[in-house]
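Starting from the structure of chain A, add chains B, C and D where the hints point.
Protein chains in written order, with our numbering: chain A, 51 to 416; chain B, 51 to 416; chain C, 51 to 416; chain D, 51 to 416.
Watch out, some of these pointers could steer you wrong.
It does not matter which identical chain is meant; a pair holds if it fits inside one copy or across any two.
Below, in silico cross-link-like pairs of lysine-lysine (DSSO-like), each with a Cα-Cα straight-line distance of 27 Å or less [stated by the list, open to error]: (1) K354 / K209; (2) K412 / K209; (3) K242 / K279; (4) K412 / K242; (5) K209 / K277; (6) K117 / K97; (7) K361 / K126.
Hints were generated in silico from the structure; no laboratory data involved.
There are 4 protein chains.
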Amino acid sequence: MEQVLSAQKPLPGPRALRKQLGDREVVRICVVGAGRAGLIHARNIAKYVRRAELVALCDADPTTLNKVGEELGVSKRFTQFSTALDGLEFDAVVIVTPTFLHRDIACMAAQHEKHIFLEKPMAVTVAECQDINAAVQRSGVKLQIGFMRRFDASFVRAKETLETGELGRVMIIKSTGRGPGGPGGWMLDLRKSNGIIAEVNSHDIDTLRWLVGQELECVYAQAQNFKCKEAQRAWPDFYDNVVAQFGFEDSTMGVVDGTCPAHYGYDARVEVLCERGVLFLGSVKQDGFTKVTVDGQAIGQAVKSWRTLFKDAYLAEMEHFVDSILHDTPLRVTGLDGLRVVEAVIATNESIRSGRPVNITKENPI
Amino acid sequence: MEQVLSAQKPLPGPRALRKQLGDREVVRICVVGAGRAGLIHARNIAKYVRRAELVALCDADPTTLNKVGEELGVSKRFTQFSTALDGLEFDAVVIVTPTFLHRDIACMAAQHEKHIFLEKPMAVTVAECQDINAAVQRSGVKLQIGFMRRFDASFVRAKETLETGELGRVMIIKSTGRGPGGPGGWMLDLRKSNGIIAEVNSHDIDTLRWLVGQELECVYAQAQNFKCKEAQRAWPDFYDNVVAQFGFEDSTMGVVDGTCPAHYGYDARVEVLCERGVLFLGSVKQDGFTKVTVDGQAIGQAVKSWRTLFKDAYLAEMEHFVDSILHDTPLRVTGLDGLRVVEAVIATNESIRSGRPVNITKENPI
Amino acid sequence: MEQVLSAQKPLPGPRALRKQLGDREVVRICVVGAGRAGLIHARNIAKYVRRAELVALCDADPTTLNKVGEELGVSKRFTQFSTALDGLEFDAVVIVTPTFLHRDIACMAAQHEKHIFLEKPMAVTVAECQDINAAVQRSGVKLQIGFMRRFDASFVRAKETLETGELGRVMIIKSTGRGPGGPGGWMLDLRKSNGIIAEVNSHDIDTLRWLVGQELECVYAQAQNFKCKEAQRAWPDFYDNVVAQFGFEDSTMGVVDGTCPAHYGYDARVEVLCERGVLFLGSVKQDGFTKVTVDGQAIGQAVKSWRTLFKDAYLAEMEHFVDSILHDTPLRVTGLDGLRVVEAVIATNESIRSGRPVNITKENPI
Amino acid sequence: MEQVLSAQKPLPGPRALRKQLGDREVVRICVVGAGRAGLIHARNIAKYVRRAELVALCDADPTTLNKVGEELGVSKRFTQFSTALDGLEFDAVVIVTPTFLHRDIACMAAQHEKHIFLEKPMAVTVAECQDINAAVQRSGVKLQIGFMRRFDASFVRAKETLETGELGRVMIIKSTGRGPGGPGGWMLDLRKSNGIIAEVNSHDIDTLRWLVGQELECVYAQAQNFKCKEAQRAWPDFYDNVVAQFGFEDSTMGVVDGTCPAHYGYDARVEVLCERGVLFLGSVKQDGFTKVTVDGQAIGQAVKSWRTLFKDAYLAEMEHFVDSILHDTPLRVTGLDGLRVVEAVIATNESIRSGRPVNITKENPI
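For reference, chain A alone in the conformation it holds in the complex:
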């Protein structure tokens, strides 16, 4: 327990930290946003991530805040992040708020020299991404975007397989992302969320970029609201199904399709067609359990939730973040990755609006 106790000493600012943090130190983390994904991160930090300590929780909703605080035994609880910054010693922040709040919180954190783990999508606009990247660069803190698939064993194996070159270049990559539960609240407002292409399919867009290792150049997309008819009056541009076709700078072709709610489960599958073979990632079935009934139906269970499918990946990305802080090593997902996905998201929505293919403008990250 000495380790933890010694961590109670204030850590130096990140620049100093790089020199001083040794193997025996602990990163003290404040989680901002204790909803669904926030709870995953908070639990991981509190219970599973080595050399991390969950020192505080922030959530605008006191009920959520106290519930999670009780569960994890975290007594430092704040309804405003600024209050946490004022009165608390910590090293890093994990931001899992609604997307439209990312910029302000992340910039504030950077100004206070807190390392930043920021859930996807990075922000709503390119300008917001640039603000965050600029603030991060100024303060010298680390910034990791929550593309946890890059830490999933199957995805990593796919990346490694592609990098060996044995299958030749990628020709077509397709990524399907569907969530079981419906988007609600602020996510219905495309001005706040950019829609499911951002909230759900950011992961798919990042998968395309990461596995191919090339930048996206253009997009043509279609979208429809098939299932959330009740949302149509208030949010006429909201869509619950989207198909986006991307062109890469090296001519690789990509397809992302997204649906939320899919109801039947959480469905994340990728197919990578190469010159000399093809890779498949994921399955609609969650495990090897099959029940065959008397009428000849062979019934398995669809994957229910990203919580189970990417459980290990969520933990691994947080361990990577903490290790990177402690050893001052490079991050595998950066603010540039976050920015590039937001640029693609915005171009996709522009294509949906205009009915035309749209070039993806790529800004300088800072």
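Coordinates of chains B, C and D only, in the frame set by chain A:
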């Protein structure tokens, strides 16, 4: 054997035929084009299709002609279809020539009151399709297009499942079609073949229309020549990979991706996302054989060929054609289906050329 | 049609036949027993098997006889095989009667110099098998037992894989055989049928012997009547579930489990554990069709019937039989194979009765 | 951190503990045996199990002891368990030593009123199991045997499905257990280990009993040493492959097959055939990753290790143990379960030795 011998009597023309052909009769068929798919049809007719007799073969290449003729014991062999029409009694023609010859042969057959089974794609241009449909209507013969997937047990089960309504409406449909062997010869010339979107992915386009039960309205497509670099000089617009995104009249969204050659096998898979579930058709693995080696690789065999995957469907579509002639019953795949796919093919190529989404013009079928 | 007509000439007896039958001849076949499997064979011969002609049908039940005769256009129909032998020219017989009739019919056929295709199991007793083998040897006709799995593409691939030696020797082999429909009639009487270990699992026992390439030495088995309680009073030793554990002469260990009726489908799966890997054959699912419903159930269809699962194998074994007659080439499944399985069946039932492991007595085949 | 600090107070003995331990307490655990499975448990306790504290490690090998101690930051390290008992305050022991040491350590722990988590198999002999159960009963501590499959989500779903009765009674249950790495050292000596039927397939035997919910009555087994020829001279009765066929008291039939080393991976699959359907658990493939190469090989990865396959189950069983201590709730796996499996193991080895089926003697647990 009496049945066959009695079939040697000249059959009356199709209009008369409808009244006279009873259950005991046999349809005498001339197969035009004895290459890959032609051989499948010729064998099926000669050996497996009830109430059908393979009475003659036509192929411009005498070597192919004689080889297949010998194999199937067909002594009536012609290098020109017109000669066959002149000197031979038969009821129906199965046309499996290069696509750019479809119109002339089909129209000639219709004029001579021969029922027509025409391989996909129906023709190269919309005008050609209309010529065929007009000739067929004038003469009153039957015309079936070779979309054999509509006769495959899995595809039929999908169609039936969708028609029950249990899954709700289709929201997104995706169809992948890849062939193991490379396109060659006249197929490299888009003016003669319309490329792989026609020669390979006609099936996928038809699958979209058929399963959704709605017409395609627009298309945006990308294409690249990744693997057939040697063909590029002579055929700069040839492509071996294509991704086409369709919009349906009822807002359903569709994606077709095609690759030829895929080398690893024949890969035909379809995914139909509905409001209350999803259907998957096909598998990259051909059967339940798995070999696990000492290093932990679990190795199955990819589907090798459409010949095996759709073997039963090829037979079933021909039996349907013959039954339809004998009993004068409606066909499940018509000249309208052929036309609609050619229209979509042409719009897809126009989108590839222009880089823009293209509306699919739908002509009156006759 | 000349081929068929020329086949109407009486063929010489088998010894002479071997010298005279050339590539252009046809084997004239009489099918004895027109029930389930008999119908499969009759249809294959009538429609699909090259160089075979279905010249006559025998069945004790006139209704079945006439129904199948009508379907296949076979006018020569007999309720007794002896009548067929007296008044008919033919070359070979396919015997698909109840097992307890195999010996008499096969011996009669051999005496009349007819080649014999005999459905599994070969006979009820070892003595009957020996009678058949002796009669066959005396007359010089060919005898093939209906182990069609040896002609299935997956099973052949397994055999070939094992023969390469890449996986090392077989250590454990397990074969599961379950039929959807219940055994009835004479099959309930173990004295006539030897029970499901013979009627259903003969295939599994043959699979063990064939894939391992070694003889079975001993067996220990258990059996229960779990589902056919109504049959228990009349047939107290009838069982609908059996597990039999075999020892091979080279110490390989084998397990067969059989169930009939399984209701949910026809389930034939084999697992072959070798020193350097493992092979799996078969799947409970019949194809790549999966329906995922809104509640997250991923539903496929179990294999329904051996008719579909082994359709190609049934055809291939008959083509092999016909080719072997025409070209006087060796058969891949012989009377010795039939005998060895019957010996294993009898030992299995003895083990069930006695509750003890039983050595499998292996007789000289003739 | 207060929770942990407060846990430093000596806990009262187990009988008193039941009254006093509230929700805020922590169970202090000493892990005895820090090898493969011991390390898993030690890591889980140190890092993941709520309300558990890893206070000490014991291992006869100082190198292992110090390595694991360093990794987990445990400074209290002992090469003898008796020393730990003398000088250390703790509440529970996790015993992961070689099997032949289980009895002495478990009895010593019980005498000192330590709750006991005991890895499978419970012990080498029935008498040893009875000694342990008697000691546990005398002292009133809790005893859990490490059958972690009972905590695996798929296995639990199978159990629940069977308990609904929808599939009817179990008729045949088969469980396959194969380990990738070879047994070595004391495991080669059947007098110390009872062989792989105990060390590997204890899990499968427990699975049979648990899923069927009935006791095993008799066993017939075969075993061979196919791969570990070098061990044969010193350990002539050692086997690396075993097939055991069980009869249940209610006539259900069971098959367990075990192989170690299997080399290709860790293979744990179960099939439960019921009157109205069948359940399958497990898969040879570890996930949805498939690579299809240019030659048409569809390659997945076999499950490598029980460490990954049952990772969550190992954690869940330990959490269950800790919860059961803290809340004094009944355990899901008891000393009776451990005893019953050892009885079946011993009967299996007796059957292998004698070549005869053997009745399984079931002793009173204490």
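Tested hints:
| no. | hint | verdict |
| --- | --- | --- |
| 1 | K354 / K209 | both (25 Å within a copy, 20 Å between copies) |
| 2 | K412 / K209 | within (24 Å within a copy, 44 Å between copies) |
| 3 | K242 / K279 | within (20 Å within a copy, 46 Å between copies) |
| 4 | K412 / K242 | within (21 Å within a copy, 40 Å between copies) |
| 5 | K209 / K277 | between (35 Å within a copy, 22 Å between copies) |
| 6 | K117 / K97 | both (16 Å within a copy, 23 Å between copies) |
| 7 | K361 / K126 | within (26 Å within a copy, 32 Å between copies) |
When the structure is compared with the earlier hints, no violation turns up for any of them.
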